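Q: Each chain, letter by letter, is given below.
Number of protein chains: 2
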Amino acid sequence: MNVDIDHVRALMVEACRRSAVPAESVDLVVDHYLLGETQGKYSHGVAKFCFESQFFGERQGSPRTVRERGVLAIVDAQREIGPVSADHAVRIAADRARELGAGIVGMINTQRYGILSPWAEHLARAGFLGIVMNTSRADSTVEGARTPFLGVNPISYAVPTTGEPLVVDMSTTKSPMGVLWEARRGAAQLPAESFVDLDGDFTVDPHLAESAMVFGGHKGFAVSLLIQIMTGSLFGFPMGPGVESTWTTGYTFIAIDPSFGGELDDFPNNNARLVEVMEGVGTRDSQPFRIPGRRSRAHVRKVTALGKLDIPDSVYRRLRARAAGDFVSD
Amino acid sequence: MNVDIDHVRALMVEACRRSAVPAESVDLVVDHYLLGETQGKYSHGVAKFCFESQFFGERQGSPRTVRERGVLAIVDAQREIGPVSADHAVRIAADRARELGAGIVGMINTQRYGILSPWAEHLARAGFLGIVMNTSRADSTVEGARTPFLGVNPISYAVPTTGEPLVVDMSTTKSPMGVLWEARRGAAQLPAESFVDLDGDFTVDPHLAESAMVFGGHKGFAVSLLIQIMTGSLFGFPMGPGVESTWTTGYTFIAIDPSFGGELDDFPNNNARLVEVMEGVGTRDSQPFRIPGRRSRAHVRKVTALGKLDIPDSVYRRLRARAAGDFVSD
Chain A
30 MNVDIDHVRA LMVEACRRSA VPAESVDLVV DHYLLGETQG KYSHGVAKFC FESQFFGERQ
90 GSPRTVRERG VLAIVDAQRE IGPVSADHAV RIAADRAREL GAGIVGMINT QRYGILSPWA
150 EHLARAGFLG IVMNTSRADS TVEGARTPFL GVNPISYAVP TTGEPLVVDM STTKSPMGVL
210 WEARRGAAQL PAESFVDLDG DFTVDPHLAE SAMVFGGHKG FAVSLLIQIM TGSLFGFPMG
270 PGVESTWTTG YTFIAIDPSF GGELDDFPNN NARLVEVMEG VGTRDSQPFR IPGRRSRAHV
330 RKVTALGKLD IPDSVYRRLR ARAAGDFVSD
Chain B
30 MNVDIDHVRA LMVEACRRSA VPAESVDLVV DHYLLGETQG KYSHGVAKFC FESQFFGERQ
90 GSPRTVRERG VLAIVDAQRE IGPVSADHAV RIAADRAREL GAGIVGMINT QRYGILSPWA
150 EHLARAGFLG IVMNTSRADS TVEGARTPFL GVNPISYAVP TTGEPLVVDM STTKSPMGVL
210 WEARRGAAQL PAESFVDLDG DFTVDPHLAE SAMVFGGHKG FAVSLLIQIM TGSLFGFPMG
270 PGVESTWTTG YTFIAIDPSF GGELDDFPNN NARLVEVMEG VGTRDSQPFR IPGRRSRAHV
330 RKVTALGKLD IPDSVYRRLR ARAAGDFVSD
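Listed in order, the protein sequences are those of chains A and B.
For what it's worth, our numbering labels the leading residue of the first sequence as 30, then goes sequentially.
For what it's worth, our numbering labels the leading residue of the second sequence as 30, then goes sequentially.
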C-alpha cells in the first residue's frame, strides 16, 4: 500500500517509544531503517525494523570500548541497538584515524542494523576512506562445496569526491539470506544458482536450500574469507560455526585518513576524476555506465520528493502492531 | 625441457651480475622468481625474470621513504628492482604495525615483481595480517562495458596459523594479462568469457581482445575498484588511464598487528581453527576441500625434492641469452 513517509516515521517512533529505546537514540534508529527503505533496499528497511525491534528491549547498556591501543579498538556493544552501536563505532574509528592515520575497530555483542553504507559514508564525509563489514552465522558456502562455513560477510566502502561520496555496498553471497527467508514464507522459488542443497547441488526450492552461495567462484571465496578473518580472528571474535547468535557476530569499521600521506585535498579530487572516467566508460548497450551507489541515491531523491512509500500490506500491518506495543506478531 | 634447479639458478645469478644488480640483492631477486616457478605459476617465474631483467639496469637507487606519518608511509622506490622494493616496503609496514598496530605503505616508481604472496606471507610470519596489492595500466573492464578503465589489480593476503600461514593470491580479472600476451605470440585462443573486443563482446581471438574482464560481475567490480583506490588516490598515485607506465603504477602493503587488540597467541590459533573447519567442508565430488595456497606449497615441495624444473625451450633459450648479457632478445 501507498503510505505517507511521515506516517510511517511516526509509527516507527512510537514503536521505539514502546520498546523503551532511549529518547536520544530514536531518530538515529528510525532514520537508519527509513533510509534503507527509501534507497529501495526493502529487505533492509521497514521490514527489517519490524523484525529487529523485537530485540530493542534486550539492550543492556551503551557500547563500551574494552580495549584501545594504537589504531585498534574493541567495542563491547552491550547488546545496544544496531544503528546506535554502529554510530558509536564509526566515531571511534574516525578519532583513531585523525590521531594516527587509521582506525580499525572491532565490535561484538550488538543488535543488528539495516544497510551498511551509511557508516562507510559517514567516514567518507569526514574525508576518510571508510570500510565497514560484518560476518553472520555460517550460512554460506563456495562453489563445489556443500557445508556452510562462511558468514554472508557483507562489505561497504566509501570515499569522498568533489560531489557526493562514491559508495559501494554489497554482500559476498550471490543472493542475501533475506531472499531465502522470504521465499520460505511465501513458497516462492529461489533465484538460480544462488543456493545449494545438502548435496551441494544448486536448488531453487527454499525448503531444500541449505547454504547460500558465495559470489565469484574461488576469487569471491577469497574475498569472503578475508572479511571472515577481519571480523573474526583479528579481534578474537568467533568465526564460522562459532558464530551462533547475534551476540557473537563480529563487526569491523575501518577509517583511513589520506591526509597522513599528504592527500588532504587531492583525495576527493582524484576520486572525482575516477568517477569521471567511469562516467565515460563505453557500454555494450550504449546505456550510461552504472556508477556504484547512484541508483540508491536517485531512489531516495524520488521517494523523498513524493513523500510516499510503497509498503507491502503485511509489513504495514506488522509496523502498526509494533507501534501498538506488539513485538512478536509476524 | 627438464633442467636442474641449480643450473637455472646459476644462470639467473649470472644474468643479475651482467645487469649490475647490487651483489646484496641478487639472492632476493633470484629466489623470488624461482619461487614463482616452483609454485607452478609459470607466467610469474623464470619467464617473468627474463622479461623484467631488461629493466634491471634502470634502477636509479634504493627505495626511499618520502613521507611517514602515523600508520601511513609513502615510498619512492627510485626504479629499484621489484623484489628489492617489495622487501623494503613490507619491512616498513611491519615496523609501523609493531609501533601503532597497523602499517599502510604506498609505493611507486618501482620495477615489477613476480608473485605477490611472498610479501603477504612475510608479514604473516611476523604475526600480522598481511595484505599486498597493486594496480597496473588500465587493461580491465567490467561486464557489460567495453572501455578498459581498471588495472588488473591483484591482491594477496596471509595470516599466521599454528602451521604454515594461510595464503591467498589472486588477480581480480578472470584471466591474467599474461594469457593474452602469450596467446598473441602463439596465435592460441583465449579462455572463454575472459576478454572483450572493442564492442564489449566476449572474444577468444587474442588480436581482437581489447580488455580483460574483471571477475564476479558487479561485486567483483566493487572489489577491483577498492583496490584501485587503495593503490591510487589514497596515496595520490595515478589511477586508470593515468597509469601509463611501470613507474606510475601504485603498490600497497598493509600489516595489521592483532596483538594491539589483545590477540597475541590467539590469532594463529583461531586461524588454525578456521583452516580446520575448511578441512572438514563437504564437497560435491567428495574430494577434499581446496584450502587456498596449499596447491602452490605442495608444488614447491614436489619440485624441490626432484631438484628439476620443466621449462619451455623458448624460456630456457631466453634465460641463457640473459646470462650471456643479452637483455633484449625474445
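It should be emphasised that the hints constitute simulated quantities derived from the structure, not laboratory data.
Here the structure is a predicted model, which means the values were calculated and not measured.
Note that CB positions come from ideal geometry on N, CA and C, so glycine has one too.
Mixed in with the good hints there might be a few duds.
[As the list claims (entries may be wrong)] Label-pair ranges, simulated between beta-carbon atoms:
#1 A/Gln89 / B/Glu305: 28 to 34 Å
#2 A/Asp295 / B/Asp295: 35 to 41 Å
#3 A/Asp295 / B/Gln89: 24 to 30 Å
#4 A/Asn31 / B/Asp295: 48 to 54 Å
#5 B/Arg98 / A/Asp234: 54 to 60 Å
#6 B/Glu305 / A/Ala49: 39 to 45 Å
#7 A/Arg213 / B/Lys337: 54 to 60 Å
#8 B/Arg96 / A/Gly354: 33 to 39 Å
#9 B/Ser343 / A/Phe231: 17 to 23 Å
#10 A/Arg213 / B/Val329: 55 to 61 Å
#11 A/Glu193 / B/Asn31: 56 to 62 Å
#12 B/Trp210 / A/Ser315: 48 to 54 Å
#13 A/Ser315 / B/Ala52: 55 to 61 Å
#14 B/Lys337 / A/Phe231: 41 to 47 Å
[Stated by the list, open to error] Now the stretches of chain A that chain B is said to cover, found in silico as 3 or more residues with beta-carbon under 8 Å:
#15 72-86
#16 91-103
#17 251-258
#18 279-292
#19 320-326
#20 337-350
Q: Look at each hint and say if it fits the structure.
A: Structure-based check of each hint:
1. A/Gln89 / B/Glu305: 28 to 34 Å: Distance hint for A/Gln89, B/Glu305 holds at roughly 33 Å.
2. A/Asp295 / B/Asp295: 35 to 41 Å: Given about 40 Å between the Cβ atoms, the range holds.
3. A/Asp295 / B/Gln89: 24 to 30 Å: holds, 25 Å
4. A/Asn31 / B/Asp295: 48 to 54 Å: holds, 53 Å
5. B/Arg98 / A/Asp234: 54 to 60 Å: holds, 56 Å
6. B/Glu305 / A/Ala49: 39 to 45 Å: holds, 43 Å
7. A/Arg213 / B/Lys337: 54 to 60 Å: Holds: the Cβ-Cβ distance is about 57 Å, inside 54 to 60 Å.
8. B/Arg96 / A/Gly354: 33 to 39 Å: violated, 58 Å
9. B/Ser343 / A/Phe231: 17 to 23 Å: violated, 43 Å
10. A/Arg213 / B/Val329: 55 to 61 Å: violated, 47 Å
11. A/Glu193 / B/Asn31: 56 to 62 Å: holds, 59 Å
12. B/Trp210 / A/Ser315: 48 to 54 Å: violated, 30 Å
13. A/Ser315 / B/Ala52: 55 to 61 Å: holds, 58 Å
14. B/Lys337 / A/Phe231: 41 to 47 Å: holds, 43 Å
15. 72-86: Answer violated; 0 residues pass the 8 Å Cβ test.
16. 91-103: holds (count 7)
17. 251-258: holds (count 6)
18. 279-292: Holds: 7 residues of the stretch 279-292 of chain A have a Cβ under 8 Å from chain B.
19. 320-326: This one is violated; 1 residues, fewer than the three required, reach chain B with a Cβ under 8 Å.
20. 337-350: violated (count 0)
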